[in-house]
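**Student:** full-length UniProt numbering puts the first residue of the sequence shown at 1, with every later residue one more than the last.
No lab work stands behind these hints, which were simulated from the structure alone.
One or more hints might be untrue.
To be verified - Cross-link-like lysine-lysine pairs, in silico, DSS-like; alpha carbons within 25 Å at most:
| id | residue 1 | residue 2 |
| --- | --- | --- |
| 1 | Lys248 | Lys208 |
| 2 | Lys248 | Lys212 |
| 3 | Lys139 | Lys208 |
| 4 | Lys130 | Lys208 |
| 5 | Lys190 | Lys237 |
| 6 | Lys237 | Lys248 |
| 7 | Lys99 | Lys80 |
| 8 | Lys80 | Lys190 |
| 9 | Lys270 | Lys80 |
| 10 | Lys190 | Lys99 |
| 11 | Lys99 | Lys388 |
| 12 | Lys237 | Lys270 |
| 13 | Lys99 | Lys371 |
| 14 | Lys212 | Lys26 |
| 15 | Lys147 | Lys208 |
| 16 | Lys431 | Lys278 |
| 17 | Lys26 | Lys248 |
| 18 | Lys248 | Lys371 |
| 19 | Lys80 | Lys212 |
| 20 | Lys139 | Lys212 |
| 21 | Lys371 | Lys147 |
| 22 | Lys99 | Lys26 |
| 23 | Lys278 | Lys248 |
| 24 | Lys248 | Lys80 |
| 25 | Lys190 | Lys208 |
| 26 | Lys212 | Lys237 |
| 27 | Lys262 | Lys248 |
| 28 | Lys26 | Lys190 |
| 29 | Lys190 | Lys371 |
Stated by the list, open to error - Pair by pair, the computed Cβ-Cβ distance ranges are:
| id | residue 1 | residue 2 | range |
| --- | --- | --- | --- |
| 30 | Glu96 | Arg135 | 38 to 44 Å |
| 31 | Val141 | Pro389 | 14 to 20 Å |
| 32 | Lys237 | Ala398 | 33 to 39 Å |
| 33 | Val250 | Arg135 | 27 to 33 Å |
| 34 | Glu405 | Pro5 | 31 to 37 Å |
Because the structure is a prediction, the values reported are computed rather than measured.
Backbone N, C-alpha and C define an ideal beta-carbon position, used for all residues, glycine too.
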Amino acid sequence: MAEPPFHVAIIGGGLCGLSLAIALTKRSISHTIYEARGSFTEIGAGINLGPNTLEAFRLIDPDIGDAIFSFATRNPGRQKDLWMDVLLGAPTNDFEDAKRIHQMTTAPLDVGCMTVSRNELLQFLAQRIKPENARYNKKLVGLVQSKDEVTLSFEDGSRDTASVVIGCDGAHSVVRRLLLGEHDPAASPKFSQAGVYRAVFPIETFEKLVGKEGAAVSTIRLGPGGYVISYPIDGGKNINLGVWPGNKEVWEHDAWILPNQKPQMLEDLKAWGPTVQKVMRAMSDQTAFWATFHHSTFPESFYHGRVCIIGDSAHAMGPHQGQGASQSMEDACVMAEVLYAATTASSGTSAQRIKAALAGYEHARRPRFEKALRTSSEAFPFWGDLWKPDLSDHEIEAFGRQADERFVWLWHPDIAGQGRRALAEMDRILKT
Numbered sequence: 001m002a003e004p005p006f007h008v009a010i011i012g013g014g015l016c017g018l019s020l021a022i023a024l025t026k027r028s029i030s031h032t033i034y035e036a037r038g039s040f041t042e043i044g045a046g047i048n049l050g051p052n053t054l055e056a057f058r059l060i061d062p063d064i065g066d067a068i069f070s071f072a073t074r075n076p077g078r079q080k081d082l083w084m085d086v087l088l089g090a091p092t093n094d095f096e097d098a099k100r101i102h103q104m105t106t107a108p109l110d111v112g113c114m115t116v117s118r119n120e121l122l123q124f125l126a127q128r129i130k131p132e133n134a135r136y137n138k139k140l141v142g143l144v145q146s147k148d149e150v151t152l153s154f155e156d157g158s159r160d161t162a163s164v165v166i167g168c169d170g171a172h173s174v175v176r177r178l179l180l181g182e183h184d185p186a187a188s189p190k191f192s193q194a195g196v197y198r199a200v201f202p203i204e205t206f207e208k209l210v211g212k213e214g215a216a217v218s219t220i221r222l223g224p225g226g227y228v229i230s231y232p233i234d235g236g237k238n239i240n241l242g243v244w245p246g247n248k249e250v251w252e253h254d255a256w257i258l259p260n261q262k263p264q265m266l267e268d269l270k271a272w273g274p275t276v277q278k279v280m281r282a283m284s285d286q287t288a289f290w291a292t293f294h295h296s297t298f299p300e301s302f303y304h305g306r307v308c309i310i311g312d313s314a315h316a317m318g319p320h321q322g323q324g325a326s327q328s329m330e331d332a333c334v335m336a337e338v339l340y341a342a343t344t345a346s347s348g349t350s351a352q353r354i355k356a357a358l359a360g361y362e363h364a365r366r367p368r369f370e371k372a373l374r375t376s377s378e379a380f381p382f383w384g385d386l387w388k389p390d391l392s393d394h395e396i397e398a399f400g401r402q403a404d405e406r407f408v409w410l411w412h413p414d415i416a417g418q419g420r421r422a423l424a425e426m427d428r429i430l431k432t
């Protein structure tokens, strides 16, 4: 009996899912995106695109990489290679409030801090999705694997089949829970003990709050127990702001966004300096607190049979290194490579080729994305624990060196090389 035609089901139409779909389209691989909502949408204001994100997009589709480089917001003038201006968020015994203590650059890469609106980037990608490849209002509730295919069941009672299922449905992934089982300790993300108060300011307003010099430059302010990050979006017309207080030990709420938290924010950061105090007072009375969740427990494997999870579904991480989207794009690149190989390999059955493809993907990607997740968790105290009343010049110098070293391996990967390693492992498996 002939095997069914090769077809990929992508669960989730976020940045990761759409990027994978575009990569599969470039390789003429049949696929369908199943999106739980009525359209492709993203919440959140700005997203930071590291140098590795741009490299990944260019590998997915060179035209996309070039277009994103042209419309993303960057630091102005001669500071285009600046990633973050690092300032003190409160005075110390020896240093004044808002003192610059370090500047992080992406040199020699002329990338710096590139930011876009999450939804703007999503809509840009969505325009490149063929309408016939998308299904909306499809909430996945079940997966059943057989010898030749996977049957997908949806909340509306419909069913569909695919040769392979790739879960790209975010941190609270249904595919992950179905793959691992509801009671597996790795099935669901955990509260990361951190969260953020968000705001967007017009640039003119922000200049009045922090001073015109440096207002439009991506900046991280380090203070007692946390940090405050700001960077330009919307072509420099607005500033995206995130206020990260010290650790929150537990999360006792069902919702992960709590509205009307300005009084709590002012209490959380009452020990900070006058610049941050001024900014917080100017924030809306409806300012919300956004709890962040991450995958603190790794499963034995990120795939089983014909089903695999990638992106935030596999490794949701805090944004403290700006790597959540970046690692998802790298995932999409490598996954597209192995799925293409699964359609063109001459050895093995379809099931054997798919298993080898997913094993090759995990072999190449798992060490890197697990390290990115772990170091992202470590980055929150890295930023938040520097400040102290008796901070010294020596400690500032050491911090600067460590900050630069922290990002080298993240920003300068060989993504194409990861694809080659995945294909080599796939080939090894098929030959054994």
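**Student:** Does each hint hold? Answer for all of them.
**Tutor:** Taking the hints in turn, this is what the structure says about them:
1. Lys248 / Lys208: violated, 31 Å
2. Lys248 / Lys212: Violated - the C-alpha atoms of Lys212 and Lys248 are around 33 Å apart, more than 25 Å.
3. Lys139 / Lys208: Violated, because 46 Å separates the two Cα atoms, which is more than 25 Å.
4. Lys130 / Lys208: This hinted pair is violated, its Cα atoms lying about 46 Å apart.
5. Lys190 / Lys237: violated, 35 Å
6. Lys237 / Lys248: violated, 33 Å
7. Lys99 / Lys80: Measuring from Cα to Cα gives roughly 21 Å; hence the hint holds.
8. Lys80 / Lys190: violated, 36 Å
9. Lys270 / Lys80: violated, 33 Å
10. Lys190 / Lys99: Answer violated: Lys190 to Lys99 is near 35 Å, above 25 Å.
11. Lys99 / Lys388: holds, 14 Å
12. Lys237 / Lys270: Violated, at about 29 Å.
13. Lys99 / Lys371: violated, 32 Å
14. Lys212 / Lys26: violated, 45 Å
15. Lys147 / Lys208: violated, 65 Å
16. Lys431 / Lys278: Cα-Cα ~65 Å, so violated.
17. Lys26 / Lys248: At roughly 44 Å apart (the allowed maximum being 25 Å), Lys248 and Lys26 break the hint.
18. Lys248 / Lys371: holds, 23 Å
19. Lys80 / Lys212: holds, 18 Å
20. Lys139 / Lys212: violated, 47 Å
21. Lys371 / Lys147: Not satisfied, since the Cα-Cα distance of roughly 34 Å exceeds 25 Å.
22. Lys99 / Lys26: violated, 48 Å
23. Lys278 / Lys248: holds, 23 Å
24. Lys248 / Lys80: violated, 35 Å
25. Lys190 / Lys208: violated, 39 Å
26. Lys212 / Lys237: holds, 14 Å
27. Lys262 / Lys248: holds, 16 Å
28. Lys26 / Lys190: violated, 36 Å
29. Lys190 / Lys371: With Cα atoms ~18 Å apart, Lys190 and Lys371 stay inside 25 Å; holds.
30. Glu96 / Arg135: 38 to 44 Å: Hint violated: Cβ distance 57 Å, outside 38 to 44 Å.
31. Val141 / Pro389: 14 to 20 Å: At 55 Å between Cβs, range violated.
32. Lys237 / Ala398: 33 to 39 Å: Given about 37 Å between the Cβ atoms, the range holds.
33. Val250 / Arg135: 27 to 33 Å: violated, 38 Å
34. Glu405 / Pro5: 31 to 37 Å: Given range 31 to 37 Å: violated, Cβ gap about 49 Å.
When the structure is compared with the earlier hints, violations turn up for hints 1, 2, 3, 4, 5, 6, 8, 9, 10, 12, 13, 14, 15, 16, 17, 20, 21, 22, 24, 25, 28, 30, 31, 33 and 34 and for no others.
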